[in-house]
Every structure is written in structure tokens, then in C-alpha cells.
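*Asks:* Knowing the structure of chain A, use the given hints to seat chain B on it.
Sequences listed follow chains A and B, in order.
Numbering follows numbering that gives the first Met the number 0, in which position 17 of the first sequence is assigned residue number 16; successive positions increment by one, without gaps.
Numbering follows numbering that gives the first Met the number 0, in which position 5 of the second sequence is assigned residue number 4; successive positions increment by one, without gaps.
In short, the hints are calculated from the structure, not lab data.
Cβ atoms here follow ideal geometry from the backbone N, Cα and C, with glycine treated the same way.
Accuracy of the hints is not assured; some may be wrong.
To be verified - Restricting the straight-line Cα-Cα distance to at most 20 Å, the calculated cross-link-like pairs of lysine to aspartate or glutamate (EDC-like) are:
(1) A:Lys84 x B:Asp162
(2) B:Lys167 x A:Glu113
(3) B:Lys164 x A:Glu113
(4) A:Lys90 x B:Glu161
(5) B:Lys96 x A:Glu58
(6) B:Lys164 x A:Asp109
(7) A:Lys85 x B:Glu163
(8) A:Lys75 x A:Glu30
(9) B:Lys169 x A:Glu113
(10) B:Lys167 x A:Asp109
(11) B:Lys167 x A:Glu114
(12) A:Lys54 x B:Asp93
(13) A:Lys84 x B:Glu161
(14) A:Lys92 x B:Glu161
(15) B:Lys169 x A:Glu114
(16) A:Lys85 x B:Asp158
(17) A:Lys85 x B:Asp162
(18) B:Lys24 x A:Glu113
(19) A:Lys84 x B:Glu163
(20) A:Lys85 x B:Glu161
(21) A:Lys84 x B:Asp157
(22) B:Lys51 x B:Asp187
(23) B:Lys128 x B:Asp93
(24) A:Lys54 x B:Glu99
To be verified - Pulled from the structure, derived: some chain A residues nowhere near chain B, Cβ distances all over 10 Å:
(25) Lys33
(26) Asp41
(27) Ile64
(28) Lys65
(29) Gln67
(30) Ser69
(31) Asn73
(32) Ser88
(33) Lys92
(34) Lys97
(35) Arg98
(36) Thr99
(37) Thr135
(38) Leu160
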Amino acid sequence: MIKNLLVLLCFTCFVCSLCSAQQIPIVSWSELEKSVTKPNVDSTYVINFWATWCKPCIEELPAFIKLQDSSKQNVKVILASLDFKKDLSTKLKPFVLKRTITTSVVLLYDQNQEEFINSVSTMWSGALPATIIINTKRNIRSFYERQFTYNELTEVLHSLLHQ
Amino acid sequence: MKFILSLLASFTALVTLNVYAGGYKVGDVATDFSLKNVDGKMVSLKDIQNTKGFIVVFTCNHCPYSVAYEDRIIALHNEFAGKGYPVVAINPNDPNKVPEDSFEKMIERSKAKKFPFMYLLDGTQDIAKTYGASRTPHVFLLVKKGNDLVVSYIGAIDDNTEDEKAAKNKYVESAVQAVIAGKTPSPDFTKAIGCGIKWSGK
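This is chain B alone, in the form it adopts within the complex:
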């Protein structure tokens, strides 16, 4: 019995590992998607005109780390949408686990904060899994190269969640600026504390 239990534990550990070890690395080509926006329309990246890339942010309503970054995500969109790099926010959480992250609540939050960017629901959680998002907020900077969307930066928005003014490194801002200047972002991968994505069935 003990053996079976430990076998089961190892298996669970392996599965958990796989979830986090999977996903995109910088340089990979990202998949497009068709997800429902808070305005009720389905959105695919290929349909968004006049863009050179996208700042894809996995985020949500309930997570204090996401909330702490909301104004900074809005600022990123306002700074870079006109330059061809709009923010596309995606909520990957299972609303059965967190009712506050339901589609209706997303609409409410989007209106209350006057989100200037699209706020999409990843209802099947497939996009979060494919991208390898593990927490909110979690940023994937995609840059168009021909018909491909190349992952150019993965990670945190900056290095201080609690106090924007104390942030020493504004990772996403620097990364987009580097891409606009024709350079490679550095760093192109960072980590930060965030709310683990609420996967369904776990």
C-alpha cells in the first residue's frame, strides 16, 4: 500500500513537473488562438490590425499581484499600442475554483478599470498550458516575424510588485523598447512571485 502511495506521489510529482517544465521558451513560435473578449467577440491575434507584436499578459481579477499590476499593464498598453505592440490580457483561471474570475466578473472589472486593452477568457485553459503560463501576472512578449509570432520575452513586468516607484528593472518596458530598436531583449526571461493559475480538476 505504501509502495503504491509513494508511486502515486512520484507520479503526481512528475505530472506537476511536466506542467511547469512545458510551455514556450524564448525563440519559440507561439500559437494563435480564438478566445472570447469581454465585449463578447471572439479574438485571434491575426485579426488585430496594424501590429508588430503583442504583449500577452496572463492575469485575472482576484489575485492581489495582478491587481497591484493593473495600472502598470494599462500604462504598458498606452505606451506601446500606438507603436504596434498592444497588450492582450488573458484570464486563465477556472471560475469554478475562483468565482471572482468568471466571465461576468471580467466584464465588470474591465469596465470599472476602463481597460484600454482586450481582456480574454481562456475557458479551456489550453492557451495558458500551451504557452507555459504558471502564475498571474505572467507576460509573454510576442514579436511578428513574417507569419510567425516569436516569443521574445517571458516573465515579470518589473522587479517590484508592491512598490512601482521602487522598481529598479522594468523588464517588459525595456524588452519592448529593445525590440522596437531592433535589439534582443536582455534579460529575456525573469521570475516573480504570483498567484498560481487555478487549474480545473486539481
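Isolated chain A (complex conformation):
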């Protein structure tokens, strides 16, 4: 019994530590894309390309976090940071910790930037912020090189999912 309680306690601590300081994996776009384009999974992925140094990105970040927090539908927000790899521990992690962001954050790193940009969308010039909405089952793949407010985001999402 005590053993079970201890296990539970450890597990709770583990989960809590995850909540307060999420791990930020370094992933390539092809890895990320693969994980959000599984066939027959009716999840809508909202992937926001941002960076800690990008002012308009920081301005719109709360909209994406709010979308994740208030989402009743099967919506999954991923904040894909384009901060430099060398800034992961010194800038990105402290930023995420300070704002207690629990929405998924990954650091995107691709050797070939041009290939990565075109693979996300040929419409993308490479400027930040940018966002892509993907739902493979419903054949949705919509790219935006722009800033969003929360209302604009839900409006776009609504029209994509109910078209």
C-alpha cells in the first residue's frame, strides 16, 4: 500500500514537473509534419511559427495559448520556435518557463532552410510570424503569413472546419 502511494507520489511529482517546465525537443520539419499528418486521425493541428525575438509573434502568442486552453474540439496547438539552437537554454526555455506556457513548444531546426520553408508552404516567404493549420483526415492544409488575434484565429478555424 505504502509502496503504491510512493509510486503515485513520484508519478504526481513527475507530471507536475512536466507541467511547470515542459521539455522542448529539437525537431526537424519533416519529423513534426509526420507527427501531425497521420492518416485517419481527426485532429486539427495549429502550428504557429514564432521566435522569442519576434515582436509580432510574442503579441499573438496569447491568442494561440487561449485557443489551446479553450478548445473543446480536437484542436492541438504547437508553438514551433525558430530561435537559434544555441539560444534554447538561454532564451527559449527561460521564456517558456517565465510565462508558464503549457502549450506544446518545439524548436524547429532544419539544415536547409529553403527546403523547409517550401515544404511548409510554397506561399511562405520565410517571414515570421506564420501559421499552418492541418487536418489530414479532412484534407485541410491552410497556410498564413500574417499575425492573428484570437477572434481571427477562431474565425479562420471555424470556416475551415465547417466549410
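*Replies:* The following block gives chain B in isolation, referenced to the frame of chain A:
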């Protein structure tokens, strides 16, 4: 109401699209301009003597991607200005959006880094819009043909912002070398991550 909102959303999307779909393509003739340099003088490309073309770089103070490339932009100027292709840097950002990109801060940055090239302010943002610049840094290589300035390369400086030594393709360097050798740059168009230009009124 919903209909109006979605109509508005589509319209915004269209306008956004237009901003990015516009601008120059390789082969287009670029317009000259008259923009204020950090020394306070107005500069037009036609007034810059002994040149065969220009490496026009839309860049700014605040953007880490621009900062990461500063030394490489200086190196490009030092390598190619003597061969007729100087760098002309243009800051297209609205300083109301980013105070760090104000004209005064441009002067400071230019002095601190001892920029050997001109650093101009595109106060109306018209040149950035006409050229089709969307991010910083964003390069437009212009080559003189008769009285025309022909756009010969558009895009990134090289393929590794974070680590210059790891860059496999030095796009701008190769493009200028190709032009000097009388060849056509290849590739003549590349993309890179950059800071979106801070447009006024958006």
C-alpha cells in the same frame, strides 16, 4: 454578422497575399530611389559612381537574423565594392512599431559596427513594397544594363543564419561572382527565415 466577418477575413487574406505576391521577380527592372543615408544625405543609386550594380540588402537593427548577418554583409561589401558591386543597406521598418529601428538608432548602429556601406531609411516603406521585400535580411542583386537596373538575384545571403562556417551555399557571393564572370546566377531565387517587415498601420 458571421458572413461579414468571414468576408472581412477573406479580404484581409487577399490583401496580405497581394503584399507578398507583389514585388520584383528576377529579370525585372528595378526602380531607383531617393532615401536618406545615416550621414544625413539623400542617396539615389544613379548618383553612386563607378558601379556596375548594387547588392541591395533590406535589413535593420533589431532583428537577430539581421544582426547575425551584419559581419557577412560587411564582408560582402568589402569583397565586391571594389569590383563595382557595393552593398546598399535599407531599413524598411516602421520605427513606431520598433523603436530600435529609428533613424537615430540606425546612425548609432552604423557607427558602432563601422558599416563601410550606406545605410538608408525607407521611411515611407514604398521601396520595400515596390521591391517586394518581406523580411530582414532580404537581398536584391541589381545589375546595370544600359540605363536599367536589372534584378539578378533575390533572396538569402547564404543557407545558414546561425553558423556562417556551416553554410554550404553562399548565395549572394556566388551570384555576384557569376555576374562578374558574365554568367547568370544560379540559383537566382532563394528563401530564408527572417523577421517580417514591420509595416505601418497593421
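*Asks:* Each of the hints needs a verdict: does it hold here or not?
*Replies:* Okay, the hints, checked on the actual structure:
1. A:Lys84 x B:Asp162: Within the cut-off at roughly 10 Å; holds.
2. B:Lys167 x A:Glu113: Roughly 12 Å separates the two Cα atoms, so the pair holds.
3. B:Lys164 x A:Glu113: 18 Å, holds
4. A:Lys90 x B:Glu161: With a Cα-Cα distance of about 15 Å, the restraint between Lys90 of chain A and Glu161 of chain B holds, given a limit of 20 Å.
5. B:Lys96 x A:Glu58: Holds, at roughly 12 Å.
6. B:Lys164 x A:Asp109: It holds: about 16 Å lies between the C-alpha atoms, which stays within 20 Å.
7. A:Lys85 x B:Glu163: 14 Å, holds
8. A:Lys75 x A:Glu30: 16 Å, holds
9. B:Lys169 x A:Glu113: Roughly 13 Å separates the two Cα atoms, so the pair holds.
10. B:Lys167 x A:Asp109: Holds, at roughly 13 Å.
11. B:Lys167 x A:Glu114: Since the Cα atoms of Lys167 of chain B and Glu114 of chain A sit roughly 14 Å apart, the hinted pair holds (cutoff 20 Å).
12. A:Lys54 x B:Asp93: Holds, at about 13 Å.
13. A:Lys84 x B:Glu161: Holds: Lys84 of chain A and Glu161 of chain B sit about 8 Å apart, inside 20 Å.
14. A:Lys92 x B:Glu161: Between Lys92 of chain A and Glu161 of chain B the Cα gap is close to 18 Å, so the pair holds against 20 Å.
15. B:Lys169 x A:Glu114: Measuring from Cα to Cα gives roughly 16 Å; hence the hint holds.
16. A:Lys85 x B:Asp158: Within the cut-off at roughly 17 Å; holds.
17. A:Lys85 x B:Asp162: Within the cut-off at roughly 10 Å; holds.
18. B:Lys24 x A:Glu113: 17 Å, holds
19. A:Lys84 x B:Glu163: 14 Å, holds
20. A:Lys85 x B:Glu161: 8 Å, holds
21. A:Lys84 x B:Asp157: 18 Å, holds
22. B:Lys51 x B:Asp187: 18 Å, holds
23. B:Lys128 x B:Asp93: 13 Å, holds
24. A:Lys54 x B:Glu99: Holds. Lys54 of chain A to Glu99 of chain B sits at ~12 Å (cutoff 20 Å).
25. Lys33: Holds, since 21 Å exceeds 10 Å.
26. Asp41: The claim holds: Asp41 of chain A sits with its nearest Cβ about 23 Å from chain B, beyond 10 Å.
27. Ile64: 20 Å, holds
28. Lys65: It holds; Lys65 of chain A is separated from chain B by about 18 Å at its closest Cβ, greater than 10 Å.
29. Gln67: The claim holds: Gln67 of chain A sits with its nearest Cβ about 21 Å from chain B, beyond 10 Å.
30. Ser69: The assertion about Ser69 of chain A holds, with a minimum of 18 Å to chain B.
31. Asn73: Non-interface label on Asn73 of chain A holds, nearest chain B Cβ at 22 Å vs cutoff 10 Å.
32. Ser88: Holds: least Cβ distance 15 Å, greater than 10 Å.
33. Lys92: Non-interface label stands for Lys92 of chain A: nearest chain B Cβ at 17 Å, farther than 10 Å.
34. Lys97: 19 Å, holds
35. Arg98: 19 Å, holds
36. Thr99: Given a closest Cβ separation of 24 Å, the condition holds.
37. Thr135: 22 Å, holds
38. Leu160: Answer for Leu160 of chain A: holds, closest chain B Cβ roughly 13 Å.
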